[in-house]
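Q: One letter stands for each residue in the lines below.
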Amino acid sequence: MEPAARLDQNHELTLKDFPYIIRWRDDRCKRCGRCTAVCPMLSIYPSVKAKRTVGSFGPVPNPKVERSVETVVKQSTNIANYCTGCATCSLVCPNEAIEPEFNPAHKFLTHKNTGGHPYTRGGRRNDPLVSTLDRLKFTRISMLTDPALDAGRHEFRIRTYLGRILPPDELPIIAADDDRLAMDKNSTKFIPPVREIYPVMIGSMSVGALSPTMWEGLAMGITYLNEVEKMPVVMCSGEGGMPLRLLKSRFIKYFIPQIASGYFGWDEIIRAIPHMVEDPCAIEIKYGQGAKPGDGGLLMAHKVLKLISEIRGVPTGVDLPSPPTHQTKYSIEEAVAKMIQSMYMAWGFRVPVYPKISGSKTAKAVLNNLVRNPFAAALSIDGEDGGTGAAYNVSMDKMGHPIASNIRDCYLDLVKAGKQNEIPLIAAGGVGKKGNLAANAAALIMLGASAVSIGKYMMQGAAGCLGDENNRCNVCNLGRCPRGITTQDPKLYRRLDSEKVAERVVEIYKSLDVELKKIFAPLGRSTELPIGMSDAISADDPAIAKRLDISYVC
Amino acid sequence: MCRLSAITSGEYISPMENVLSLETMKEGHDGSGMGLILKDLGGEFESYKKYPILSGICSKSGMKELDNFMSAAGFKSVHSWHPKIKPVTGVKLRDCYFANVYDYPDEFQDKSITVKETLLLDTRLKLRSIGQEDESIIVFSFYPDILTLKEVGDPLQLSEFFGLDTSLLKAKIILAQGRQNTNYAINLYACHPFFIQGYGSMTNGENRAFMPIRDYLTSRGFPGYICYNSDSEGFTHILHYTNKVLGYPLKYYKDVITPLKKEEIEGRPDKDFVMYMKMCLRFLCIDGPNCVIGFTPDGSCFMVQDAKKLRPGVVGGVPGKYALVSEQCGLNSAISERDPSTDIYPMRYDMVIVSPQAKEVRVWNQLQGWTKTMN
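Those sequence lines, one after another, are chains P and E. Just so you know, we're using my numbering here: the first sequence kicks off at 404 and counts up by one. Just so you know, we're using my numbering here: the second sequence kicks off at 267 and counts up by one.
The shape of chain E in the complex, shown without the other chains (with noise of 0.2 Å):
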């Protein structure tokens, strides 16, 4: 099972407590690679939050052809950053790690930001489509405030050979996966997290339903909705399908992936909207076993459990801070002055959500609605 480690905090922190909190959820083989993602950046990115940032791997040839690129599309570079790499052992060395942050093309300056929007996702598929086959070109995410890393190996090692622990990388929000005992062909775009417009989110077990909601995704003619090297990516999708799409309330995406049965929708005071809801959508019901955690673009994070909870999931913390992790040593680790006691365990029915800079925490569960609340 994977190990899911996302911290939400008022201030700045180092992926390095995220990475120390997979550590002491170590169980088994881990070598199948680390994702990171980082949100509301710190350091020295906290000058360029209007600027999206490119996230990536390309070979010595792939860099320059993506350079080629950017510029002929007229994204103009701003900044451009690169992982002290230290090398370690049973991590292959790739020659380009990068975050380049751009200023959009001078026709797009001054248009809204769903155009903006547009324009980096097909900017970012473009470059992918480029580097596919030979793999000289890996990109993960093109967005604002976004930065993505990734790489095959265990995660603390992975954190030396990104020299994470020296660096002064930091942001507000930052998840973190560490795939464990899989035994499928590793590939780079199959890592969690995965991110698109804003959402992104991390799951562990498998997503069993993964042909139906992968054909469903594909067919609503949105462009990013395509590859699903991982079963898991559905996930994100559907939360941007759900929320920046169609417009429902994040809590719903809850009802999309875990619909209630008719009986009990008949109590909700939402019914006619959910039953339909749910008959609509169907084809996005996940049957689990998955704990997912994910995050918005307004900074709010999120778990939800599998309409079974066949995963673990705990959320904890202190105001300022709060940590969703897949297992309690992991919170342990990323934040131990917590009284534990207030920790939360998100059952079947229910949906936690950390708010934008992780003031409160909130409960909300498909039957009773919300439930609890921890400022």
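Pulled out of the complex, with its shape left as it was, chain P reads as follows (with noise of 0.2 Å):
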């Protein structure tokens, strides 16, 4: 018996199954056309309708039939154009006559699997609920018995250190006279190098995952940032590369360029080297990513255009994998001994290198071998709440560590073994999730982060991106990113103006400056930044505060 699907749409979605509905009214819109044009989607479509009025004019009632065919706008009940609920199409509309409205009852991810393929993003976790983060408060305010400062006033020295640092005891000094100690010159002891930095640095994004306005946009503001406002904030470049005139020039020394699995850019980064003019502030070594952690890198065919091909040193248009390991190396002894001394190396032990992993119950071992590792810059651990252009659903959603109780649980072992100033620990994943950028980088700091990184604040904050953790949006792996932020499709990121992205930046951290110093001036921090001072911190719940073993408020 033929099946009766085709007749009665059994087989269709409902639009109730979808996590945004497009409301539509009619009686708003103008049909301009602007909407459906610009969906990202295409979720939305013009379409016809046929309209039966019935009306009655006259002294005596005369019902008449009147028949028309008008144009509306319809949702798509297609789950590959499901509405994202970006709202550009609010966002275009002239006359307020559409927007999408969030349904908690949908049901998306039980369909978003056609194709046995399941549903992969770009994006954040989706939990909107409040992090560990924002469950912190600052409660150890001076008050009479100790003055507090003045965030306005006083002086604030805001600066952190990425760089091993040696123990006291094993720095080489002689007596240079009576009263003077110098640095032994003659000394063959290694220095490892070290930078004095912004304690909040934005955190690696690619070019190629970002668009090239969004990442010379990023790259402009950091260069104002150390060069006009004295402010000495980095980026790290993300994995694939960096446009080879920014290698060869005096602000290359703001950049930490990232080396991955994919190993995407380092040749073009290598022959550079003869031709720079200055050294990166330090090198990253991304071993995982806290948003798809243990997982591997994907630039889409689609985004690899002439200019990512030229950094990346690749054909265009193909597919660019990064393996979720480093496939050369078969262990963490190898791994540090090959990777770390092999980029110290490049640049004549005059660089950082550091590490990154996601978020992980193992992190605290991977701490234990680079404590003893004499080369090992840094730690940087990206928690679960870390954004990504590209993964599975699942591995955004479920996989991964909060970063809160790992820095935590981190520094606690480096305090025990008496090495917390030696291996500054670099905390992200989540940083002002709620938009609390300032209290969340403070908190970190003081559950012992020596710096924090951020990535996803800057993409909504610096340009407008509409992502968030009710999966609105979170299409950046498509290259169809309505802001222009995460395409290569220049119809798209022609929207974006890199010089106003740069301003933002630089709004951002001169924002985030002031309100850093409304957090430590209160607490009495001013001189050196309050890392570990975890006194100062509590949580409004009992067991976030016996996890991280800081006083409980109610």
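Don't take each hint at face value.
Chain E stretches covered by chain P per the calculated footprint, using a threshold of three residues with CB under 8 Å from any CB of chain P [unchecked claim]: (1) 464-476; (2) 512-519; (3) 525-537.
Using 30 Å as the maximum straight-line C-alpha spacing, the simulated DSS-like pairs for lysine-lysine come out as follows [to be verified]: (4) E:K326 x E:K315; (5) E:K392 x E:K326; (6) E:K575 x P:K540; (7) E:K315 x P:K592; (8) E:K638 x P:K921; (9) E:K638 x E:K527; (10) P:K894 x P:K920; (11) P:K920 x E:K575; (12) P:K822 x E:K528.
Treat the hints as calculated values from the structure; they're not laboratory data. Bear in mind the structure is a predicted one, so any value in this text is a computation, not a measurement. A virtual CB, placed ideally from N, CA and C, is assigned to each residue, including glycine.
Starting from two chains that each stand alone, build the complex the way the hints lay out.
A: Structure below.
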């Protein structure tokens, strides 16, 4: 018997199955077509409907039927064209006639596996709940027994170190005269390079994952902060190399080139070394990423256009997969011995080299190994709330470790070993998730981080990224970013003005600096970063307080 | 704010001079305790300079336990001093206040001072641990030529309580602190000044960087860096760590606790070392608000301020006798015969160092080096 499906649409999805339902108002719409033209997912489309109107005109009832054909905006029920809730349609609508509405009862994940392909996306973990970092507050306020500082008037030094720091008893020093000490120039002791940087750095987002205008905007903002504002903010390149002219410029000192398992872009970087006029700030070796721990990377073929192919040293239009691990390494000892030291050698041991891992229960074991390696310059740990340009939904939502307890455990391990000042911990993943950038960063520092790294916050703050934890937008992987942030399509990235991005980067950092001072001033800390000052923070949840070894307040 | 009064002199002086100096600086409630450290002792202790003195307070049972422990450890009692207690209202009388002089165990007689210092520290910590729970044994210092007295109460009342006004107890360096307006539970181990292996210091203010400093010091592997009933005990231990353990000249103590900015260090002749030292010891930055007054084993006394000079402090006197106090009225009381126009008010970059026997006062500035000498 022939199934009736074709006749009664029984196998079609209903709009109620979708995460966002388009609310379109017939009475306000002037049919300009901007919304349907701009929709990155082709979720809405212009359509027509037959309209039957019964009317009566004249002194006596005389109903007449009029039939007309009207243009309307319809929402697709094809799962491939689901509405992401990006609201670009609302943005361009002149009459406020259309907007997506979140549907909490959706069954999106149940259906988004057609063809046997699990749901892939960009963005972050879809968890709109308050994170641990936002459950922490600063409770040790200087009141009368000791004076609070003035965030506007006092001098604050919000700086940190990136690089392996020798313990004081290993420092090769000699007495220069009766009461003056000097470094022993004849000593053969290796003194690792250390950079003084701003404690909030921009984390690794690659040229490729980001559009040229976005990456350029970030880079210009960073340079301005250093050159004009004298704030030593640094930025990691992400995997995939950097523009050659930046590599050869004096501004490279503000950047951290990243090497990851695909080694993309490193032919070009290595060739540029003899032409570099300055050393990079540091080198980051990516072993893992918080958003998709244990997973590799993939830059889809449609993003590999001319610029990307030049920077990465690959043909255009091919998929660029990075494996989950560095394929040439069979152990952490191997990884440390080969990669870290090779990178040191490449720049004559003048550039700090550190690994980045994803948050994990095994982070302490990694740290344990790095502590014993005199070359490891830091350990960057990326928690589960970190972002990514492309990953499987299951990796993003269900894999990974929150950063708060991970960084705390690692710091307390360092304290136990007396090494808390030797190997800086960099915390990342969900910093500023709810907009509280300074508070989250300061809390992580007080839990033991020497620095924090941010990514999504910059995309949202500097370029208006539309993504959120209700799976809004999150199509970075498709190259259809409606803001022009994560796309290589000139039609889309032309929407983004890199100058404006740079301006926002500067504004964000200046405002962050003020907020950090507003946090540190009442705590009375101004000369050094309050790393590990856990008596200053409390949690509003006893279990969190106990786990982080801080006080509970209510 | 706690009151601080340190006097260093070429002649033996009475601790009453410090107490009276504290009294002039009194403002508000002041019953949280007084601590006294006397270094380079005179009077009946003058002939026992090479022997270690154990200072503390015990219950009757604790005293017996202490005596048993010390004799089992091989220490031989040489002399015992007890203050002539005069009960006064407001001071809770404990069983036994003492300063016992011991000779070293036989097997340590010919050991180096370093070995002896380790023995003395270990012994003090063991005794502290034995009496910790029931407060039957409280020991403040165990070191040659050092005597410590501490008790809860008003300093002037305590001086009467301990009979300091009539006692022959004298010393050439005396540190005294009156704890003022302290809200925390009063624990005698939290009472300044603090002492470790020849180094003593006292502070007013709060140590806002307490946690990172405590964690850093306790993880150095040095047995004496423990407990921290007071957040300011760390200042004494930082002094010990930088000057004794790391061997840095005294002036670098200032660079450690109040590090300069990178740009400021550029102008220093020892910039390479200072830059790296700042990084190595960044967890020991105190961040104020503090005035720290202390002494080193050679008898030098010093005063430093936090990096923003959030607390007062003044040094003044005449050759042969200088006082380092938290407020000028205390200095007027301690050494009224000086020329006040020569008083030194150390600022944020300064460290004032008074040489042994109070012969000379020098000011070291982090940016400009030695800037002033008074002798």
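Q: Against each hint, give a clear statement of whether it holds in the structure.
A: Evaluated hints:
1. 464-476: holds (count 5)
2. 512-519: holds (count 6)
3. 525-537: holds (count 5)
4. E:K326 x E:K315: Status holds; Cα separation ~28 Å.
5. E:K392 x E:K326: 18 Å, holds
6. E:K575 x P:K540: Holds, at roughly 28 Å.
7. E:K315 x P:K592: With Cα atoms ~43 Å apart, K315 of chain E and K592 of chain P exceed 30 Å; violated.
8. E:K638 x P:K921: Violated. K638 of chain E to K921 of chain P sits at ~38 Å, over the 30 Å cutoff.
9. E:K638 x E:K527: 23 Å, holds
10. P:K894 x P:K920: Roughly 41 Å separates the two Cα atoms, so the pair is violated.
11. P:K920 x E:K575: At roughly 19 Å apart (the allowed maximum being 30 Å), K575 of chain E and K920 of chain P satisfy the hint.
12. P:K822 x E:K528: Satisfied, since the Cα-Cα distance of roughly 23 Å is no more than 30 Å.
Against the hints set out earlier in the document, violations occur for numbers 7, 8, 10.
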